Amino acid sequence: MPMVNLKRFMALALIVLGSACADPVPDAFRFGLASAPANFDPRFATDATSARINRLLYDRLVDFNDTFEPVPALADWEQLSPTHYRFHLKTNKRPFHDGALLTANDVKATYDFILNADNASPHHASLTVIDRVTIGDETIVDFFLKRPEPLFPGYLVIGIVPAHLIATNHPFHEHPVGSGPFSFQARPDETQLHLLRVRDQQRFEFITIPDPTVRVLKLMAGEIDMLQNDLPPELIGYLERDRMVKVQRKSGTNFSYLGFSFEDAVTRQAFVRRAIAHAINRQEIIEYVLDGAARPAESLLPPEHWAGAQDLDPITYEPEKAQALLRQAGYSREHPAKIVYKTSSDPFRIRLATILQRQLQDVGIDVDLRSYDWGTFYGDIKAGRFQMYSLAWVGIHTPDIFDYVFHSRSIPPHGANRGRFRSTLADTFIDHAQAAPDLETKQRWYVQLQHHLADALPYVPLWYEDHIFIARREIEGFTMARDGNYDGLRHLRRSSPDAL
Amino acid sequence: MFIRFLISRFLTALAVVFGVVCLVFFLLHLVPGDPVEVMLGESARPADRAALQQALGLNQPVHVQFVRYMANLSQFDLGTSFYSKRPIRDLLLERLPATVELGVAALLVALLMAVPLGILAAVKKGTAWDVAATGIALFGVSIPNFWMGPMLILVGALWLGWFPVSGREGVASLVLPALTLGTALAAILSRMIRSAMLEIMNEDFMRTARGKGLAERTVILRHGLRNALLPVITLVGLQLGALLSGAVITETVFSWPGIGSLVVEAIHRRDYPVVQATVLCISTSYVALNVLTDLAYAWIDPRVRLGSQP
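As given, the protein sequences belong to chains U and V, one line each in that order.
Numbering-wise, my numbering puts 475 at position 350 of the first sequence, and it's gapless, one number per residue.
Numbering-wise, my numbering puts 82 at position 92 of the second sequence, and it's gapless, one number per residue.
Any given hint could turn out to be false.
[To be verified] Ranges between beta-carbon positions, derived for each pair:
#1 V/V54 with U/E299: 49 to 57 Å
#2 U/F473 with V/V57: 40 to 48 Å
#3 U/E299 with V/H19: 47 to 55 Å
#4 V/G151 with U/I475: 15 to 23 Å
#5 V/L20 with U/H539: 21 to 29 Å
Please keep in mind that the hints were generated in silico from the structure rather than gathered at the bench.
For clarity, every value in this text was computed on a predicted model and none was experimentally measured.
The beta-carbon is built from N, C-alpha and C at its ideal position, and this holds for glycine as well.
Let's have the full structure, built from the sequences with the hints guiding it.
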């Protein structure tokens, strides 16, 4: 009996010692968000914030590298035939946060759920090329396609959810269970989200602060440790002068542009669109309005993209040339081209639009600027009720976007050819690129297409906005991603006070 | 008489709420912007769009959707958010306490500022005190909340460090949003108290009170203020309704998780059920507060008899 007591005492002492020696629970890292994530179920989430948070919570089969080529994430793959891809799950991957192992069955269950039209997943459309999904053993998943698609691996970027929880209709949208580097801890209210970093149980709090000024004030007061993007340039400039915070920039790929209606008598004229392109002083706007946080764009895909065109001639600022082009189109100071320019009601977008309006006015284009709430603006754009508008494409990874935006078959509701641009040449380039059996051939067609678009100017490219990450001085280890994801939080740490 | 009054007010209130529900339902379906489009984006195929429309019940004619909505409502079923897939009842229960907390705190701030200012301006009419009180009221009314909020944050949170910048974490976090929201109301109330006090100052009963030898302070506070508060109560009732309906700008500036920010998010996302439920909640609280105001009016002034002309 005394022996048993001694053992118990020793065990208890070890536990107490163990807990005493364990690291104290570290302070939470607090991340300021502009908008709250709406849905933690990767099969349904569509907004950018949800997508970024879900990347932390769930693993996916495939990811993209810096040149937007698909690379293995959870799985390597091999193409067994033009319509058959086999994925091999890596065996060293983490289990789900509820302890179950991630197997091929979970991958199949996730994609089967999305492919079932009754479930009304918004990602169904992007995966309709899949005919069926089968599993070999616990680590092998076979995807059979309806038609050859060399870009197919790049489509498999949806987070994998556990099959046993899909079967029980688990509410992933509020209680996510994934296998990602972060696990869900709590959501005290709609404005707060608590995650735990799996490897060290470090707590991260995501706090929604919609007002950019307040977000910055909260950072300065030390109530949050970091924030990313969604700040007007003047606030970024202000923070760059503050010694308590550090500002990191990374070239982004979000493409801002001016779009035109090809069914309008004024904007369908190539001379007018070319004149607009030469009338805009992009360099000045980037330098003085965007505070240098952007780079000029020449095409929808950035030049570093594997299908991007690196040899496009930059559109130059030449107001005299713009005036000459307008004269060729039959306009003059006395009879100026009149264009209605639509934009959203976002204050910063209105400010940019006002500057563009002034620059166009300088070459003799009479611009009537109109701003609308997002729903109305977007509705008008889709319906083709515009002469000229400005918007941005966000999160573009694959060159399929060209088909979707510029092919004559993609006029809404069948795509996003909002300007009703019809070019046989563009259609031919797109069709050839899509039918090409390998990436090299695809790339050649897409580059030719981009040269054609640079001539035809269905869009006037403006710029790619940078990603900005701002953190308090003691925050270290965050690596910014080209698409603005939060993966850098995996290695975030707080430096010791002595190091500051 | 009182029961008849209550029944008639209840029926009127019900009609008003029903009117609001109908109006919001049909207006929401009329404005441009489609929830399916917001959720799926343009990339969706027509078949997917149709599938989601069916899943959300948006493929039915509007009048069918309306009948279904009213049938659910009659069973107190507010539905599920299109976007977050959460029951709306839960969303409202999460957000309401924050809004009530802020509304009541803002009203307290407003009364604490308005009553002394209004009395001071009336008693010291035409003096520098009156001018100063008028100036403060003008200042309060003129400054928009989206400017006042960040300024208070700058001073109270950043320079002095007394309060948190934003969020809802303890009593301290309530001070700045309540001040922001309460200041404009205080300005309106103080002007109303001033004019009501001025009217009453020369009434016979005030002269009688003074003639009895009562101290001026007692005359003003016990006899003057009590009578001057009658019109103010009506205004307070209406304003409390506005405060409980969610102070959109203040809630946005201070990241206050209340009804106001919920409805704004829902409108942006065209989350019809959430907008409808929130507006229903707001209109109900408005109407209920109006009825309560009427009752309070009758309670404070015995001359006002319910159901009869005063």
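Status of each hint after checking the structure:
1. A beta carbon spacing of about 30 Å between V/V54 and U/E299 contradicts the range 49 to 57 Å that was offered as a hint.
2. Take U/F473 and V/V57: their Cβ atoms lie about 43 Å apart, and the range 40 to 48 Å holds.
3. Under the hint 47 to 55 Å, the C-beta atoms of U/E299 and V/H19, about 28 Å apart, miss the expected range.
4. A hinted range of 15 to 23 Å is violated for the C-beta pair V/G151 and U/I475, which are about 35 Å apart.
5. V/L20 and U/H539 have their C-beta atoms about 26 Å apart, which keeps the hinted 21 to 29 Å range intact.
In terms of the numbered hints stated before, the structure departs from hints 1, 3 and 4, listed from lowest to highest.
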